[in-house]
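Heads up: the sequence shown runs through residues 1 to 280, numbered per this note's numbering.
The set of hints was computed from the structure by calculation and includes no laboratory data. Since the structure is predicted, the reported quantities are computational estimates derived from the model, not experimental observations. There could be a bad hint or two in this list.
[Unchecked claim] Cβ pair distances, simulated, as ranges:
1. Pro238 / Glu212: 46 to 54 Å
2. Val15 / Thr253: 22 to 30 Å
3. Pro238 / Ser218: 14 to 22 Å
4. Ala148 / Pro69: 30 to 38 Å
5. Glu111 / Asp76: 39 to 47 Å
6. Trp248 / Glu173: 25 to 33 Å
7. Ala252 / Pro39: 24 to 32 Å
8. Pro86 / Gln196: 22 to 30 Å
Ideal Cβ placement from N, Cα and C applies to all residues, glycine included.
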Amino acid sequence: MSYLCPLCHQPLLPVSGGLRCENRHQFDRAKEGYVNLLPVQHRHSKQPGDSAEMMQARRDFLDAGHYQPLRDAVCDLLARLLPEQPINVLDIGCGEGYYTNAVATRFHAGERAMVYGLDVSRVAIRYGAKRYRNVVFCVASSHRLPFAENQFDAVLRIYAPCKAEELARVVKEQGYVVTVTPGPRHLIQFKALIYQDVKLHDDTPEKMPGFELIEQQSLAYPFSLNSEESAALLQMTPLAWRARPEVWGVLATTPQFDCETDFTLRVWRRHREETAMTGS
């Protein structure tokens, strides 16, 4: 385990009950096994991230298997990119660990790999750490990654924000960042309930200084949800903030809601040092 202090950026070393740096900044380890590396001064709210209710809704939806094709596609992609072991992988914005655990299981974490899960939500990390013992979880900001330079062979980022500079710092030379973003028609049926003028998602690749986009693939499929699942899925998305009470009413009274997913998976490879320095 190799964490940096989020306050002074010195290495954190194990002490009784937690971690401490040479400047005596100490972070306790929770009974579930995770460490909280999100200092009060780095929080934008009292309880950042998803609430317990949102987290439970997310877990119930994911456990039902609706996003299993995405989970399998992510694992297959990482396994193809990283055939040699041992490896270090980080899942940024891991939530309660649904995808993180699948990656850890695929790579036999603890034996031939180290898989880390990071999220700003303490509730989410507590859920994940209690359930999945093959993942090293921490509460931390995705914009201030508490890791040393060149630590990871790959970083997984499903919807989560993160500065490209931070990714370039922690990913090894020629290492990878795998991103998952909404494709053009992702959950368009939900958007039709909320917006009068439905627009497709913009699928333009983001700017990733220090990285080269080497692969892109789409994953789209239809599925059906009962009333509880459709409400849980909407709650998981930014669309929930714009949904009027009548939208929730429609979902509550619709026994089968048919919709479609549309994901875009991209693979970014970090430049070699000399390439990054010359800007070519």
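Comparing the hints with the structure gives:
1. Evaluation of the 46 to 54 Å hint for Pro238 and Glu212 yields a failure: the beta carbon distance comes to about 29 Å.
2. Taking the beta carbon of each, Val15 and Thr253 are about 55 Å apart, not inside 22 to 30 Å as hinted.
3. The hint said 14 to 22 Å for the Cβ distance between Pro238 and Ser218, and at roughly 21 Å that hint holds.
4. Between Ala148 and Pro69 the CB atoms are about 34 Å apart, so this pair conforms to the stated range of 30 to 38 Å.
5. A beta carbon spacing of about 20 Å between Glu111 and Asp76 contradicts the range 39 to 47 Å that was offered as a hint.
6. Between Trp248 and Glu173, the C-beta spacing of about 48 Å breaks the proposed range 25 to 33 Å.
7. For Ala252 and Pro39, the Cβ-Cβ distance of about 40 Å falls outside the hinted range of 24 to 32 Å, so the restraint is violated.
8. Take Pro86 and Gln196: their Cβ atoms lie about 53 Å apart, and the range 22 to 30 Å is violated.
Comparing the model with each earlier hint shows violations of hints 1, 2, 5, 6, 7, 8; every other hint is respected.
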